[in-house]
Amino acid sequence: MPGRIVEWIDQRFPLTSFVKHELTGYPTPRNLSYWWNFGFLAGFVLVLQVATGIFLAMHYKADVALSFDSIQHIMRDVNYGWLLRYMHAVGASAFFFVIFVHMARTLYYGSYRAPRELMWWTGQGLLLLLMATAFMGYLLPWGQMSFWGATVITNLFRATPFFGDQIVIWLRGDFTVGDATLTRFFSLHYLMPFIIFGAVLIHLVALHTVKSSNPSGINLADKDNIPFHPYFTTKDLYGLGIFLIIYSIFVFFIPNSLIEPANNIPANPMQTPNHIVPEWYFLPFYAILRSVPNLVGGVLAMGLSVIIFAFMPFLDRSRIPGGARYRPIYKLRFYLFVLDMFILGYVGYVPPTTQTILIGQIATVIYFASYFIIPFISVKEDAWLFKRGLPPEVMALIEKEALDKEERKQKRLRRQGDIT
Amino acid sequence: MRTLLKIVLLSCISLSAWANEAVLDKVNLENDLKSIERGADTLMGACHSCHTLKYVHYRDLLNFGMDKQKVEAWRGDQPLDSALVAQMSEADAINMFGKAPPDLSLMVKAREGGPNYVYSYLLGYYQKPDGSTGNHIYPETKMPDILNSGGSTEGKQHAEVQAQARDIVSFLTWVSDPHEAERLRLGYYVIGYLIVLTTLLYFVKKQVWSKLN
Numbered sequence: 001m002p003g004r005i006v007e008w009i010d011q012r013f014p015l016t017s018f019v020k021h022e023l024t025g026y027p028t029p030r031n032l033s034y035w036w037n038f039g040f041l042a043g044f045v046l047v048l049q050v051a052t053g054i055f056l057a058m059h060y061k062a063d064v065a066l067s068f069d070s071i072q073h074i075m076r077d078v079n080y081g082w083l084l085r086y087m088h089a090v091g092a093s094a095f096f097f098v099i100f101v102h103m104a105r106t107l108y109y110g111s112y113r114a115p116r117e118l119m120w121w122t123g124q125g126l127l128l129l130l131m132a133t134a135f136m137g138y139l140l141p142w143g144q145m146s147f148w149g150a151t152v153i154t155n156l157f158r159a160t161p162f163f164g165d166q167i168v169i170w171l172r173g174d175f176t177v178g179d180a181t182l183t184r185f186f187s188l189h190y191l192m193p194f195i196i197f198g199a200v201l202i203h204l205v206a207l208h209t210v211k212s213s214n215p216s217g218i219n220l221a222d223k224d225n226i227p228f229h230p231y232f233t234t235k236d237l238y239g240l241g242i243f244l245i246i247y248s249i250f251v252f253f254i255p256n257s258l259i260e261p262a263n264n265i266p267a268n269p270m271q272t273p274n275h276i277v278p279e280w281y282f283l284p285f286y287a288i289l290r291s292v293p294n295l296v297g298g299v300l301a302m303g304l305s306v307i308i309f310a311f312m313p314f315l316d317r318s319r320i321p322g323g324a325r326y327r328p329i330y331k332l333r334f335y336l337f338v339l340d341m342f343i344l345g346y347v348g349y350v351p352p353t354t355q356t357i358l359i360g361q362i363a364t365v366i367y368f369a370s371y372f373i374i375p376f377i378s379v380k381e382d383a384w385l386f387k388r389g390l391p392p393e394v395m396a397l398i399e400k401e402a403l404d405k406e407e408r409k410q411k412r413l414r415r416q417g418d419i420t
Numbered sequence: 001m002r003t004l005l006k007i008v009l010l011s012c013i014s015l016s017a018w019a020n021e022a023v024l025d026k027v028n029l030e031n032d033l034k035s036i037e038r039g040a041d042t043l044m045g046a047c048h049s050c051h052t053l054k055y056v057h058y059r060d061l062l063n064f065g066m067d068k069q070k071v072e073a074w075r076g077d078q079p080l081d082s083a084l085v086a087q088m089s090e091a092d093a094i095n096m097f098g099k100a101p102p103d104l105s106l107m108v109k110a111r112e113g114g115p116n117y118v119y120s121y122l123l124g125y126y127q128k129p130d131g132s133t134g135n136h137i138y139p140e141t142k143m144p145d146i147l148n149s150g151g152s153t154e155g156k157q158h159a160e161v162q163a164q165a166r167d168i169v170s171f172l173t174w175v176s177d178p179h180e181a182e183r184l185r186l187g188y189y190v191i192g193y194l195i196v197l198t199t200l201l202y203f204v205k206k207q208v209w210s211k212l213n
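Protein chains in written order, with my numbering: chain B, 1 to 420; chain L, 1 to 213.
Simulated from the structure, these hints should not be mistaken for laboratory data. Each residue gets a CB set at the ideal place from its N, CA and C atoms; glycine is no exception. Incorrect hints may have been included.
Listing some non-contacts, in silico: residues in chain L with all C-beta distances to chain B over 10 Å [what the hints assert, rightly or not]:
no., residue
1, N28
2, F97
3, P129
4, K142
Simulated restraints on C-beta separations [said to hold, decoys possible]:
no., chain 1, residue 1, chain 2, residue 2, range
5, L, L186, B, K331, 38 to 48 Å
6, B, R158, L, Q207, 53 to 63 Å
7, L, E160, B, V47, 48 to 58 Å
8, L, D81, B, W8, 54 to 64 Å
9, L, G98, B, L304, 45 to 55 Å
Here are some chain B residues pointing at chain L (derived, C-beta under 7 Å) [claimed, not checked]:
no., residue
10, Q72
11, W82
12, P230
13, T234
14, K235
15, L237
16, Y238
17, G241
18, I245
19, S248
20, F252
21, F253
22, P261
23, N264
24, I265
Using the sequences plus the hints, can you model the full thing?
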């Protein structure tokens with residue numbers, strides 16, 4: 001009977017072939033390390049956030065007079081409301097952690113390179129959507145940090161030429177962050193995850209066209225690809241188990257370590273907190289914003305710091321396939337960049353002093369410089385490595401790529417010749 | 001992450017930035033019913049005339065298992081579902097102290113340092129040479145030295161004040177997160193379960209992958 005139902009469906013909808021091609025039989029490089037688990041984990045956290053968020057929204061009230069109280073209602077009176085809220089709050093941090101690792105993996109292994117540029121750019125779009133969603137969600141508890149964080153960030157739009165002030169009012173729906181801001185942020189915070197779902201779908205369609213990259217950076221022969229199921233289903237589930245253990249430690253034992261104490265004070269527009277800090281995942285970018293003494297410059301620098309990742313396919317001119325594996329200088333740059341992110345995060349967290357501002361400015365310069373030098377180091381490094389000699393399989397691949405390129409060029413020339 | 005960051009931060013920051021930050025005493029919190037009830041008792045006597053706990057209802061105290069007679073005495077003729085509202089009206093309090101006394105329901109969570117902050121604050125009073133009292137932890141405070149910690153700096157009296165402060169903080173900690181005990185208990189089960197599950201998944205993965213080659 002089930003067989004007949006499937007057959008009936010298959011005549012009308014490619015169910016079996018879809019499952020076979022895109023899920024169970026999807027060819028995946030066998031040498032993927034655990035760093036390749038984080039895409040799946042990001043998808044899992046997205047579902048977790050939507051699931052907990054839907055239930056939180058049933059008890060939450062988006063109204064400046066009620067929202068702070070409604071959070072306490074969830075924490076105290078709703079059955080397992082505290083669990084829902086802590087899962088959602090810790091989930092936001094988990095989401096960024098997973099995404100940052102996912103991005104770091106891409107940068108390290110050069111997964112952004114041809115033919116995966118669109119994967120990288122859709123991922124960049126997802127990062128921006130995620131940041132917007134997290135930022136708007138943070139206003140909803142209507143605590144001091146919620147209010148002042150939203151005030152500071154919406155204020156940045158004042159840097160827009162000509163209509164700066166109007167845009168800030170348009171975003172807030174009022175002259176200050178108020179009820180109109182809260183209700184629209186709630187509405188958008190509920191909408192954005194579904195846009196993220198759509199963007200994830202595009203990300204996955206692109207993935208299934210170009211397939212996964214792999215640690216060697218070399219395109220694998222068919223024999224080195226294995227079906228997704230059961231190999232990567234089991235590997236992803238094992239990784240998920242590890243993730244859930246760490247996540248649960250935060251949810252059950254230290255949930256408040258990620259919530260600023262000041263956010264347990266209801267928003268008070270008349271009283272600025274001593275020290276306004278964003279959530280940890282925004283700290284490096286916040287540090288860059290503060291490092292530039294002028295508002296427009298700071299906003300531009302911060303904006304560029306977030307979208308600079310998108311330029312990687314253009315910046316990386318190396319002919320050696322993959323990322324850091326065969327390229328020691330690129331590897332060094334990668335680690336310096338990660339270290340620089342941590343320094344910026346620290347600078348963003350502490351109250352500004354002349355000392356930390358100076359450290360922040362140096363780290364900001366290093367942040368951007370580490371991108372602008374990539375074209376130069378990739379060319380120099382290539383020359384040095386070719387002189388020193390590379391593993392034969394890498395050389396073979398480079399030669400093959402050069403041949404392909406030449407062939408494409410000949411074809412194009414021939415086509416043009418036909419037309420004229 | 002934030003705690004981690006703080007540890008890194010505290011260990012490497014130069015002292016100049018934090019010189020005006022008072023060092024907090026560490027409080028050994030009690031989380032048994034007896035201490036929390038004692039804390040409630042002290043709080044109802046010493047703090048409740050001015051401070052409200054708007055998220056706590058008399059019924060919550062009963063449900064937690066506190067002595068029925070005590071709760072009845074505290075609530076007087078107010079309904080069981082009424083919140084612990086200060087006896088003094090806010091307007092009177094502003095008249096008297098210059099600002100409204102803050103709500104205490106979330107006080108422990110709302111301060112950097114948590115219970116240690118509130119404990120140190122309660123014990124942070126000292127006698128100024130002109131006879132008035134000051135507070136090391138929060139110099140701008142308008143609250144009088146209600147436990148007389150400034151006047152009892154030694155011996156048995158000092159120990160008594162410390163015990164009272166500890167009980168109050170224990171109560172306020174429970175009040176700020178009433179499901180904490182349940183959360184921790186559930187946490188051990190969840191993590192225990194996940195460890196078993198993950199171990200099994202590891203062997204499944206190993207078994208499946210061993211078929212390769």
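Here's how the hints hold up against the structure:
1. At the 10 Å boundary, the C-beta of N28/L stays outside the reach of chain B, the nearest C-beta of that chain being 19 Å off.
2. Its beta-carbon lying about 17 Å from the closest one in chain B, F97/L satisfies the requirement of being farther than 10 Å from that chain.
3. Distance check for P129/L against chain B: the nearest CB is about 29 Å away, which clears 10 Å, and the non-interface claim stands.
4. Distance check for K142/L against chain B: the nearest CB is about 15 Å away, which clears 10 Å, and the non-interface claim stands.
5. Under the hint 38 to 48 Å, the C-beta atoms of L186/L and K331/B, about 44 Å apart, fit the expected range.
6. The hint said 53 to 63 Å for the Cβ distance between R158/B and Q207/L, and at roughly 60 Å that hint holds.
7. For the hinted restraint 48 to 58 Å between E160/L and V47/B, the CB-CB distance of approximately 54 Å keeps it satisfied.
8. Evaluation of the 54 to 64 Å hint for D81/L and W8/B yields a pass: the beta carbon distance comes to about 58 Å.
9. The supplied range of 45 to 55 Å is met by G98/L and L304/B, whose beta-carbon atoms lie about 48 Å from each other.
10. At a threshold of 7 Å, the smallest CB-CB gap from Q72/B to chain L is about 5 Å, leaving the interface hint in force.
11. A distance limit of 7 Å between C-beta atoms decides the matter here; for W82/B the minimum to chain L is near 5 Å, and the interface restraint holds.
12. Residue-level restraint check for P230/B holds (minimum Cβ-Cβ distance to chain L is 5 Å; threshold 7 Å).
13. Annotation: T234/B was flagged as interfacial toward chain L, and the flag holds, the nearest CB pair being 4 Å apart, inside 7 Å.
14. The restraint placing K235/B at the interface with chain L holds, with a minimum CB-CB distance near 5 Å, inside the 7 Å limit.
15. Here the hint on L237/B is kept, as its CB sits about 5 Å from the closest CB of chain L, short of 7 Å.
16. For Y238/B, the suggested interface contact is upheld, since its CB lies about 4 Å from the closest CB of chain L, less than 7 Å.
17. With a cut of 7 Å, the hint placing G241/B at the interface with chain L holds, because the nearest CB-to-CB distance is about 3 Å.
18. Taking 7 Å as the C-beta contact cut-off toward chain L, the hint placing I245/B at the interface holds, the least distance being around 5 Å.
19. For S248/B, the interface hint holds, the least distance from its beta-carbon to any beta-carbon of chain L being 5 Å, beneath 7 Å.
20. Below 7 Å, beta-carbon pairs count as interface contacts, and F252/B has one with chain L at about 3 Å; its hint therefore holds.
21. Hint on F253/B holds. Least Cβ distance to chain L is approximately 6 Å, under the 7 Å limit.
22. The restraint placing P261/B at the interface with chain L holds, with a minimum CB-CB distance near 5 Å, inside the 7 Å limit.
23. Because the smallest distance between the Cβ of N264/B and any Cβ of chain L comes to about 4 Å, under 7 Å, the interface hint for this residue holds.
24. With a cut of 7 Å, the hint placing I265/B at the interface with chain L holds, because the nearest CB-to-CB distance is about 5 Å.
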